[in-house]
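Asker: The primary structure of each chain is shown beneath.
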Amino acid sequence: KQEVTQIPAALSVPEGENLVLNCSFTDSAIYNLQWFRQDPGKGLTSLLLIQSSQREQTSGRLNASLDKSSGRSTLYIAASQPGDSATYLCAVNSGNTGKLIFGQGTTLQVKP
Amino acid sequence: KAGVTQTPRYLIKTRGQQVTLSCSPISGHRSVSWYQQTPGQGLQFLFEYFSETQRNKGNFPGRFSGRQFSNSRSEMNVSTLELGDSALYLCASSFSGTSTYEQYFGPGTRLTVT
Chain L
1 KQEVTQIPAA LSVPEGENLV LNCSFTDSAI YNLQWFRQDP GKGLTSLLLI
51 QSSQREQTSG RLNASLDKSS GRSTLYIAAS QPGDSATYLC AVNSGNTGKL
101 IFGQGTTLQV KP
Chain S
1 KAGVTQTPRY LIKTRGQQVT LSCSPISGHR SVSWYQQTPG QGLQFLFEYF
51 SETQRNKGNF PGRFSGRQFS NSRSEMNVST LELGDSALYL CASSFSGTST
101 YEQYFGPGTR LTVT
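Top to bottom, those sequences are chains L and S. Here the first sequence stands for residues 1 to 112, numbered as in this note's numbering. Here the second sequence stands for residues 1 to 114, numbered as in this note's numbering.
One chain only, chain L, in its complex shape (with noise of 0.2 Å):
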């Protein structure tokens, strides 16, 4: 049974800094893996998406990488914003289908 695990839980940094975002899952045989944004009471913005034979995704201060040998995936967030603070979910898809399986979150609180 497929089981995602997130860490850390929460997270507070200043404005400018530099972070990275943990995943980690039990079964290597994923079909991809989809890290996603949400804001409080709002629903979730896809923001990467790492098919099974890629390394890594990257879209504008976003960068993330996948390596199923070691069943981790990390999401880096270059330079952060106070508009970053959100919760961070990350989803393993493990068959070519719509049920993914997600971890607890990391909710980031950026301050100014």
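In case anyone wonders, no lab produced these hints; they're calculated from the structure. Any given hint could turn out to be false.
Label-pair ranges, simulated between beta-carbon atoms [to be verified]: (1) S:N77 / L:V13: 41 to 51 Å; (2) L:N63 / S:R15: 14 to 24 Å; (3) S:Q41 / L:L11: 19 to 29 Å; (4) S:Q44 / L:D67: 19 to 29 Å; (5) L:Q109 / S:Y10: 22 to 32 Å.
Predicted model only: the values in this text are computed from it and were never measured. Glycine is no exception: its CB is placed at the ideal position from the N, C-alpha and C atoms.
Please build the complex by placing chain S on the supplied structure of chain L, with the hints as guidance.
Answerer: Just chain S now, with coordinates in the frame of chain L:
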């Protein structure tokens, strides 16, 4: 393209009642998945519908059911509501047939059971 839409956005129901939530996927998307989000359990998969057929099901009781119509719109029904059903219900759509299977989420329906 318009994003995933969900109606209603907010609902207040009483224990024992039933409720129906609606989800309209992005145009062209044929897969719709439903998730329940609570502070204690996080995001949990309910079920997925593809081409009007349930393709995957999570570990929820039979009180939770769904269906999908020929235009890919989906509805989720919860019967005999319990206090623990209070949650944010999210649906996601994806264009099955591509290699990425990227999921796009709607804004959610906030259900409160009193």
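Asker: Against the structure shown, which of the earlier numbered hints fail to hold, in ascending order?
Answerer: 2
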